[in-house]
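Line by line, the protein sequences give chains A and B.
Counted from 1, the first sequence has number 27 at position 27 by the numbering used here; the numbering is strictly sequential.
Counted from 1, the second sequence has number 108 at position 108 by the numbering used here; the numbering is strictly sequential.
To be clear, the hints were calculated from the coordinates, so they are not data collected in a lab.
Heads up, the beta-carbon is just placed ideally off N, CA and C, and yes, glycines get one too.
Incorrect hints may appear among the rest.
[What the hints assert, rightly or not] Capping the alpha-carbon separation at 20 Å, the derived lysine to any residue pairs in SDA-like fashion look like this:
#	chain 1	residue 1	chain 2	residue 2
1	B	K7	A	L82
2	B	K191	A	D158
3	A	K3	A	L120
4	B	K7	A	A170
5	B	K144	A	A170
6	B	K144	A	L74
7	B	K184	B	G105
8	B	K7	A	I7
9	B	K140	A	L63
10	B	K184	A	N68
11	B	K6	A	K3
12	B	K144	A	A62
13	B	K144	A	T103
14	A	K3	A	L45
15	B	K184	A	I159
16	B	K184	B	L168
17	B	K184	A	L82
18	B	K144	A	I159
19	B	K144	A	N68
20	B	K140	B	G169
[Stated by the list, open to error] Simulated restraints, written as ranges between beta carbons of each label pair:
#	chain 1	residue 1	chain 2	residue 2	range
21	A	W54	B	L155	28 to 36 Å
22	B	V106	A	N174	35 to 43 Å
23	B	W131	A	D138	37 to 45 Å
24	A	F60	B	V162	21 to 29 Å
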Amino acid sequence: MKKGTCIKLALLFFVASLLLPQGGWQLGADLCVVLILASRDWRALVPAGGWRFWAFPLAFVALMPCFNPAGVGLAHYDIGELRGGLFILGHAYVFASLAAFGTRSFSIREIAAASPAVGLRVALALCAARLLRRMIDDTWLHYRLTRPGFFAAAREMDIFIGAAIRNAAATAENMAALLHLRSVEI
Amino acid sequence: MQPADKKRLLVYTTVFGVLWGILEMVLGSWLHLMHFPFTGGLMAGIGGIVLCSERGFTPVRGATLWTGFVAVLFKCISAGGFSFGPVIAIAIETVVVEAVLSLMGVNAVSFFVGPLLSSLEAVPHVFVSNWLMFGVGIFKTYGKAVHQIQAFFGLSQDLWKVVAGVWLGGHLLLAVLSGALSVKVGRYLRKI
């Protein structure tokens, strides 16, 4: 199956699973997404985020059925609610796998090759990122040195934002002049 | 459009898109470290300010969409990698601000309304992202969890309404402040 077809089909079943009520049909749609992704790139199914990411939702799903209007504790454990919680976790896993599949499928080279306008922007963005990162770091450092406390820094945030935007505009003007001087065609 | 203006448009939209991405990385990380409340709304407001400021330099329809597109690209290729929530948030905020600036033009009112609506996007964003990630069943679970917690601690059954009110009020206040800050930054940029 082609990459594009695979993503479209997976998205179709994912949307269906979002619209279906919790139960067998939703589980079926989620399973279809998993099978489609596995047919193209099974590594996308390796749980994203590590055990720490899943530990809290898992604990929440496992412990919530202990708390019922009838009482609190293992004696009042609600299996139906645990089932509902596991459906939610399953859907979250499918969502994470779909996002991982999307990330793994497209490289910067492929994005840049999508169209000349996009390619030029990717190249310019990478150049500008280096310049802007240094500029923002310097502006932030100077701003924080003169406003050491959290409240002082938060209160005069307009000065920082204004300075960052002014410096970014100066960078953009220099880059545009450079493109013009070198007769770069767009 | 003259070739020089085309180059200017290309460079300004790219540089401001990258600026938004870097501000998300530097300022967003600092706010998260400080456990600042409503960080999502605040960063959305700042994004709105960046978009409006860019449009002030290149007042062309679609310029804001390109700026947002670059910010999304930058977010996807930066060290943190693809992150669904922020990427969708940036995309929605961009469309909202583009619509405001295209309909109202570049002026003090649109500079106020753009970041205001952009910041308010953080409110439905919570529900939409939870629905996408966990499915529709999550809201029933959240509702039940809130009622169980209130009953367990002997709290009023309407306490969640107060908490939700404070949350909404906080976002509204932040949105108004973002709009006011945008107007202030716009005035400052006109002077230089």
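Cross-check of the supplied hints:
{"no.": "1", "hint": "B:K7 <-> A:L82", "result": "violated, 58 Å"}
{"no.": "2", "hint": "B:K191 <-> A:D158", "result": "holds, 15 Å"}
{"no.": "3", "hint": "A:K3 <-> A:L120", "result": "violated, 25 Å"}
{"no.": "4", "hint": "B:K7 <-> A:A170", "result": "holds, 15 Å"}
{"no.": "5", "hint": "B:K144 <-> A:A170", "result": "violated, 54 Å"}
{"no.": "6", "hint": "B:K144 <-> A:L74", "result": "holds, 18 Å"}
{"no.": "7", "hint": "B:K184 <-> B:G105", "result": "holds, 17 Å"}
{"no.": "8", "hint": "B:K7 <-> A:I7", "result": "violated, 35 Å"}
{"no.": "9", "hint": "B:K140 <-> A:L63", "result": "holds, 16 Å"}
{"no.": "10", "hint": "B:K184 <-> A:N68", "result": "violated, 53 Å"}
{"no.": "11", "hint": "B:K6 <-> A:K3", "result": "violated, 34 Å"}
{"no.": "12", "hint": "B:K144 <-> A:A62", "result": "holds, 14 Å"}
{"no.": "13", "hint": "B:K144 <-> A:T103", "result": "violated, 35 Å"}
{"no.": "14", "hint": "A:K3 <-> A:L45", "result": "holds, 16 Å"}
{"no.": "15", "hint": "B:K184 <-> A:I159", "result": "holds, 10 Å"}
{"no.": "16", "hint": "B:K184 <-> B:L168", "result": "violated, 24 Å"}
{"no.": "17", "hint": "B:K184 <-> A:L82", "result": "violated, 52 Å"}
{"no.": "18", "hint": "B:K144 <-> A:I159", "result": "violated, 45 Å"}
{"no.": "19", "hint": "B:K144 <-> A:N68", "result": "holds, 9 Å"}
{"no.": "20", "hint": "B:K140 <-> B:G169", "result": "violated, 24 Å"}
{"no.": "21", "hint": "A:W54 <-> B:L155: 28 to 36 Å", "result": "holds, 30 Å"}
{"no.": "22", "hint": "B:V106 <-> A:N174: 35 to 43 Å", "result": "violated, 23 Å"}
{"no.": "23", "hint": "B:W131 <-> A:D138: 37 to 45 Å", "result": "holds, 42 Å"}
{"no.": "24", "hint": "A:F60 <-> B:V162: 21 to 29 Å", "result": "holds, 23 Å"}
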